[in-house]
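Protein sequences appear in the order of chains F and V. For the first sequence, the numbering used here puts the final residue at 529, and the numbers step up evenly by one. For the second sequence, the numbering used here puts the final residue at 580, and the numbers step up evenly by one.
By construction, these hints were calculated from the structure, which means they are not laboratory data. Glycine is no exception: its CB is placed at the ideal position from the N, C-alpha and C atoms. It is possible that some hints are incorrect.
With a straight-line cut-off of 20 Å between C-alpha atoms, the simulated EDC-like cross-links for lysine to aspartate or glutamate are [to be verified]: (1) V/199 x F/277; (2) F/289 x V/222; (3) F/289 x V/221; (4) V/199 x F/268; (5) V/185 x F/268; (6) V/302 x F/390; (7) V/58 x V/519; (8) V/145 x V/198; (9) F/232 x V/107; (10) F/267 x V/132; (11) V/398 x F/268; (12) V/398 x F/390; (13) V/398 x F/277; (14) V/308 x F/390; (15) V/308 x F/386; (16) F/267 x V/222; (17) F/247 x V/132; (18) F/289 x V/178; (19) V/302 x F/386; (20) V/308 x F/411; (21) F/247 x V/99; (22) F/413 x V/482.
Here are the in silico distance ranges between beta carbons for each label pair [stated by the list, open to error]: (23) F/405 x V/497: 31 to 41 Å; (24) F/126 x V/315: 48 to 58 Å; (25) F/376 x V/132: 15 to 25 Å; (26) F/522 x V/222: 50 to 60 Å; (27) V/353 x F/405: 35 to 45 Å; (28) F/378 x V/106: 27 to 37 Å; (29) V/142 x F/264: 17 to 27 Å; (30) V/497 x F/131: 53 to 63 Å; (31) F/128 x V/502: 54 to 64 Å; (32) V/132 x F/135: 50 to 60 Å.
Take a look at the letters that make up each chain.
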Amino acid sequence: MSFKGFVPARKGSSLSRRSLLRGSGGVALALPFLEAMERKAFAAPPKRFILVYHTQGMFMDEWQPKPKAGGAPTKTEYAADEYDMNSLSADLAPYKNDLLFLTGLDNKISPGGNAHEVVFNNLITGKKATGQGFFQSGGPSIDQVISTKIYGAATPRSRILHLGPNSSWHVCYSAKNSPVSRESNPAEIVKNLFMGVSTGGASTPDPLLVKERLRNQRMLDAVKANGDALRTKLGGDDRRRVEAYLNDLGELSNGLSAPIIQASASCGKPTVNGSDAYDPRSSDLSSIAAMALACDLTRVITLDFGGPDNGMRNYIKRPDGMPLPAASTDWHQDVVHRAWQKPGEFGGTVSNIAEAKMNFRAAAKYMQGTFANLIGKIKAVREADGSSLLDHTAILYVNEFGEETHGFKNYPFMIAGKAGGAIRPGRWLRHTGISHQRLLLSMLATYIPTTDPAFTGFGEPEWNVGGPLSNLG
Amino acid sequence: MVTPEVPIDLSVNPPKVEPPDECKGVSRMGPSPMRRLTNLEYANTVRDLLARPNSRELVASFPAEGAGHGFDNNADTSAIPKLRTQKMFEASRVAADGFDPTKELKCAVTAVTETCVREFINAFGTRAYRRPLTADEGTVLLKLYNSFGAEFTVGEKLDTVVQSMLLSPQFNFMAELGDESVIGKEDGYVGVSSFELASRLSYFLWGTMPDAELFAVAQSKALLNTSVIQEQVKRMFFDPRTRESVRNFAVQWTEQDRLKRTKDLKVFPSWNDLVARDLEAETATFIEKSIVDARDGWKNLMTDRRGFVTSRTAPIYGVSLPSGTAATATVEMMLPDTRPGFLTRAGFLAGFAQAKYPSPIQRGMFVRREFLCQNLGAPPPGAETQMPPPTPAGATNRQIKTAHSQQPQCKACHQLIDPPGFAFESFDAIGKNSLTEVTESGQTAMVDTSGSLIGTDVDGDFNDAGELVGMLARSAEAQTCVVTQWFRYARGRLELPDDACAIADLTGTFNASGGDFAVLFAALATSDGFRFRPVTTN
Numbered sequence: 057m058s059f060k061g062f063v064p065a066r067k068g069s070s071l072s073r074r075s076l077l078r079g080s081g082g083v084a085l086a087l088p089f090l091e092a093m094e095r096k097a098f099a100a101p102p103k104r105f106i107l108v109y110h111t112q113g114m115f116m117d118e119w120q121p122k123p124k125a126g127g128a129p130t131k132t133e134y135a136a137d138e139y140d141m142n143s144l145s146a147d148l149a150p151y152k153n154d155l156l157f158l159t160g161l162d163n164k165i166s167p168g169g170n171a172h173e174v175v176f177n178n179l180i181t182g183k184k185a186t187g188q189g190f191f192q193s194g195g196p197s198i199d200q201v202i203s204t205k206i207y208g209a210a211t212p213r214s215r216i217l218h219l220g221p222n223s224s225w226h227v228c229y230s231a232k233n234s235p236v237s238r239e240s241n242p243a244e245i246v247k248n249l250f251m252g253v254s255t256g257g258a259s260t261p262d263p264l265l266v267k268e269r270l271r272n273q274r275m276l277d278a279v280k281a282n283g284d285a286l287r288t289k290l291g292g293d294d295r296r297r298v299e300a301y302l303n304d305l306g307e308l309s310n311g312l313s314a315p316i317i318q319a320s321a322s323c324g325k326p327t328v329n330g331s332d333a334y335d336p337r338s339s340d341l342s343s344i345a346a347m348a349l350a351c352d353l354t355r356v357i358t359l360d361f362g363g364p365d366n367g368m369r370n371y372i373k374r375p376d377g378m379p380l381p382a383a384s385t386d387w388h389q390d391v392v393h394r395a396w397q398k399p400g401e402f403g404g405t406v407s408n409i410a411e412a413k414m415n416f417r418a419a420a421k422y423m424q425g426t427f428a429n430l431i432g433k434i435k436a437v438r439e440a441d442g443s444s445l446l447d448h449t450a451i452l453y454v455n456e457f458g459e460e461t462h463g464f465k466n467y468p469f470m471i472a473g474k475a476g477g478a479i480r481p482g483r484w485l486r487h488t489g490i491s492h493q494r495l496l497l498s499m500l501a502t503y504i505p506t507t508d509p510a511f512t513g514f515g516e517p518e519w520n521v522g523g524p525l526s527n528l529g
Numbered sequence: 043m044v045t046p047e048v049p050i051d052l053s054v055n056p057p058k059v060e061p062p063d064e065c066k067g068v069s070r071m072g073p074s075p076m077r078r079l080t081n082l083e084y085a086n087t088v089r090d091l092l093a094r095p096n097s098r099e100l101v102a103s104f105p106a107e108g109a110g111h112g113f114d115n116n117a118d119t120s121a122i123p124k125l126r127t128q129k130m131f132e133a134s135r136v137a138a139d140g141f142d143p144t145k146e147l148k149c150a151v152t153a154v155t156e157t158c159v160r161e162f163i164n165a166f167g168t169r170a171y172r173r174p175l176t177a178d179e180g181t182v183l184l185k186l187y188n189s190f191g192a193e194f195t196v197g198e199k200l201d202t203v204v205q206s207m208l209l210s211p212q213f214n215f216m217a218e219l220g221d222e223s224v225i226g227k228e229d230g231y232v233g234v235s236s237f238e239l240a241s242r243l244s245y246f247l248w249g250t251m252p253d254a255e256l257f258a259v260a261q262s263k264a265l266l267n268t269s270v271i272q273e274q275v276k277r278m279f280f281d282p283r284t285r286e287s288v289r290n291f292a293v294q295w296t297e298q299d300r301l302k303r304t305k306d307l308k309v310f311p312s313w314n315d316l317v318a319r320d321l322e323a324e325t326a327t328f329i330e331k332s333i334v335d336a337r338d339g340w341k342n343l344m345t346d347r348r349g350f351v352t353s354r355t356a357p358i359y360g361v362s363l364p365s366g367t368a369a370t371a372t373v374e375m376m377l378p379d380t381r382p383g384f385l386t387r388a389g390f391l392a393g394f395a396q397a398k399y400p401s402p403i404q405r406g407m408f409v410r411r412e413f414l415c416q417n418l419g420a421p422p423p424g425a426e427t428q429m430p431p432p433t434p435a436g437a438t439n440r441q442i443k444t445a446h447s448q449q450p451q452c453k454a455c456h457q458l459i460d461p462p463g464f465a466f467e468s469f470d471a472i473g474k475n476s477l478t479e480v481t482e483s484g485q486t487a488m489v490d491t492s493g494s495l496i497g498t499d500v501d502g503d504f505n506d507a508g509e510l511v512g513m514l515a516r517s518a519e520a521q522t523c524v525v526t527q528w529f530r531y532a533r534g535r536l537e538l539p540d541d542a543c544a545i546a547d548l549t550g551t552f553n554a555s556g557g558d559f560a561v562l563f564a565a566l567a568t569s570d571g572f573r574f575r576p577v578t579t580n
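Put together the whole structure using the sequences plus the hints.
So, in structure tokens, the structure goes:
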């Protein structure tokens, strides 16, 4: 093995790893390709997409912006200087001008069944569930549609970072009934995702690393050769299943043969397990998301944060200074359900409902804070052209439910960032009773031509009536 | 098949139900979709292939198996997510690195010939792919070996070959190509090859790859005779690997992962992870004894009062352990009369309960779904599932749940679900027997465990859980359902309408044996569906 022809990425330039990958059959790169790369390096930064998923609804009256004039809102569009942040969204105040608030959007699916299962299958896929239970989405979720458009179906590069212990829900689907795996261990994610990012600063690759890559490459080639021979003998779903597996191995193989990315001022391995005012796991996942975008390891990330899990509850303080109830409390039943109960319902009393509300508010405010923390990390990253990563990113905030307990009306939606100019933040768009699907379409239209089959075929047509929301940009 | 030591008491067995007339002369059967090895099967297989005892560590970071209907080996839910592929890559490397392939070389490491490498590839490959390699497969692997220069040692090169096999779809999926030379069924079906049959048997009974003897009868094709399959089931049945597989079946069937959910520690201060673990182990042991050890397994499953009690679970059962029992010991002992059969074990009762109160709806649904195979599905569109109607202060758990289910759009299903759930209302949220409950507003009230079972072949009134369980024990529908559960586990898929006659046949055989699961297993393994597959199109 010689190193002849091995071209390390240049320090300081924000070379797209993708552009290095494309057309590179191995470690040797031809010169014309390099030139193409130089041109690419100074092109405008690409558009990125982040989806943040929280669960368990919102007290909308305490979350949505408060018009400065006071009283009930009367307009359909407010500029940032016409409203104040509300009590539950107070931690987002530093990013008021980076945020576009959207209210009055409903999930038009019929209620019934287990509300959680319904929503996990439907909310960001726009499709009705194919059956009862989890893992029954009718189609792909928007993050996967966008990723497929950027990277192709055979080499999905989107990542789904998940907070908390294993849980059975799933929001991201690559296709009907096909949940996409999530990763939750920050240290493991850094190890896998940032495998090719070298922080050593040396421009000569480590011979052991080169040997290791050669070994893996050839080993995987043999798996592929024998796998292909088996695949052709199988029929129907069996064949497709082996094909999907071999495609994933192909992606692994591409990743292993990708040139080493040299850390730069904007791209480096994120530090995890750092201390932070926020629960370090959520903060770590946000740091990972920021660096993965900065290094262009992916352009599509979902942060599936769920609700305040047991680990996070230790960090949350109520206004009265008391901690949240112990981990043994049934958060879902005794806090979320109860917070919306009336006295007499299901054992609800004036005092235990007030208690549940206080717990719910403390957790909701804190979760909004974790979102603010993410915005801050994205905003702080400088692209090669000196602009902020947030200028080229849209962060879509999605909550499982709206203003009622397990209810499908009036969801708390927000978009942070400008997505390269497609979004004009610093506003509140106040709709009434329109399908949330139209927001998903707007988001898709930011990344995909509206004539693309992935766009025209997205979601249930009946919920798409009216098309993408106007006035986001 | 196995001679019982005592005559079988058939009084608990349901009446024999003949397969319906439309099954006469019919040989339709559902498909045999390819499935992958589950996380547990992967670990077991690496253990046996590489003689690596601690193989479960390899899969500890694999994504959990998807929740779905049936069992975790269900082909429908066994796609490999991207993250698992990454983890499989890492695990295969760790496993290959920990294995010394040079020990299996028939030549000295210092004088390795191509023939010698080829022999290794064919011998090891037959076990890894669970069938002989094709010539092309062998050539690809030999080329892989030869592609490395002197910077790689012989061991490293062979390890790479081993890793390539561990990562192959041949290893990770149970792909079946069939054997055209196997006859015995009409057009549209093809025989499963003897090696494929060996894998079907070993993963059904043992959750792992075939052993040397199974490979030998596969190689000789003797396994294509049903009498040889019978012999093999008989040989394999009492192996510890069958017990392990049955325990795996048991905890999945009864959803024992539910026990990991927390309880309200203000009400149940003694509840903790160790109690949960002991209850899960008891569930597995109780079902293992019913399936493997009891020749009247059906009766045992439905009515036996033996418990497997620890110092932590004795208070739940209201029993005392013999003095001097070690804190970690499990004692087999008779439980009180209120505890007949699995459905009165705390593993079930605590698993299907909320943090503070029992959940008659979850318990009733479990009985309907897992013991009667009635899938009632989710509430209909428009049903309000979250906001219950108001009930007066001091209402009991049953009154609150009843108010919820009395609404017209709820009633159609809940009149089926709730009564069998209410039968267990005398067992609290951790499975302790109590005839009273403390309501949410602090009053003490008597529980009501009476009700009517409808929509089954044993409809009638019951006063308590014991009576309900007694009715289910005599239900042909329940017996068919338990047979169906094993069908799902053995075949790695849910049953389809085309399987109805096969399941009726299996149930008839099981019933006639007095509920002997060894007989059921042999019947499953020799059934047409196990030995043939519909030809896959496109």
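> In this structure, is the beta-carbon distance linking residue 353 of chain V and residue 405 of chain F contained in 35 to 45 Å?
Replying inline: For residue 405 of chain F against residue 353 of chain V, whose Cβ atoms are near 38 Å apart, the range 35 to 45 Å holds.
> Does the Cβ-Cβ separation between residue 126 of chain F and residue 315 of chain V fall within 48 to 58 Å?
Replying inline: Check passed, 52 Å falls within 48 to 58 Å.
> Is the Cα-Cα distance between residue 398 of chain V and residue 277 of chain F 20 Å or less?
Replying inline: Status violated; Cα separation ~55 Å.
> Has the given pair, residue 289 of chain F with residue 222 of chain V, been kept, meaning a C-alpha gap of at most 20 Å?
Replying inline: Distance ~14 Å between residue 289 of chain F and residue 222 of chain V Cα, so the pair holds.
> Taking only the CA atoms, is the gap from residue 267 of chain F to residue 222 of chain V under or equal to 20 Å?
Replying inline: 45 Å, violated
> Has the hinted range 15 to 25 Å been met by the Cβ atoms of residue 376 of chain F and residue 132 of chain V?
Replying inline: 47 Å, violated
> Given the proposed pairing of residue 145 of chain V with residue 198 of chain V, does the C-alpha separation stay at or below 20 Å?
Replying inline: OK: residue 145 of chain V and residue 198 of chain V at ~13 Å, within 20 Å.
> Holds or violated: are the alpha carbons of residue 232 of chain F and residue 107 of chain V at most 20 Å from each other?
Replying inline: Judged against 20 Å, a Cα distance of about 18 Å means the pair holds.
> Given the proposed pairing of residue 308 of chain V with residue 386 of chain F, does the C-alpha separation stay at or below 20 Å?
Replying inline: It holds: about 12 Å lies between the C-alpha atoms, which stays within 20 Å.
> Is residue 247 of chain F close enough to residue 132 of chain V, meaning Cα to Cα at most 20 Å?
Replying inline: 12 Å, holds
>> So if I understand the rule, the pair passes when the alpha-carbon distance is 20 Å or less; does residue 302 of chain V with residue 390 of chain F pass?
In response: 18 Å, holds
> Is it true that the CA of residue 267 of chain F sits at most 20 Å from the CA of residue 132 of chain V?
Replying inline: 17 Å, holds
The structure fails hints 11, 13, 16 and 25 (numbered hints given earlier, in ascending order).
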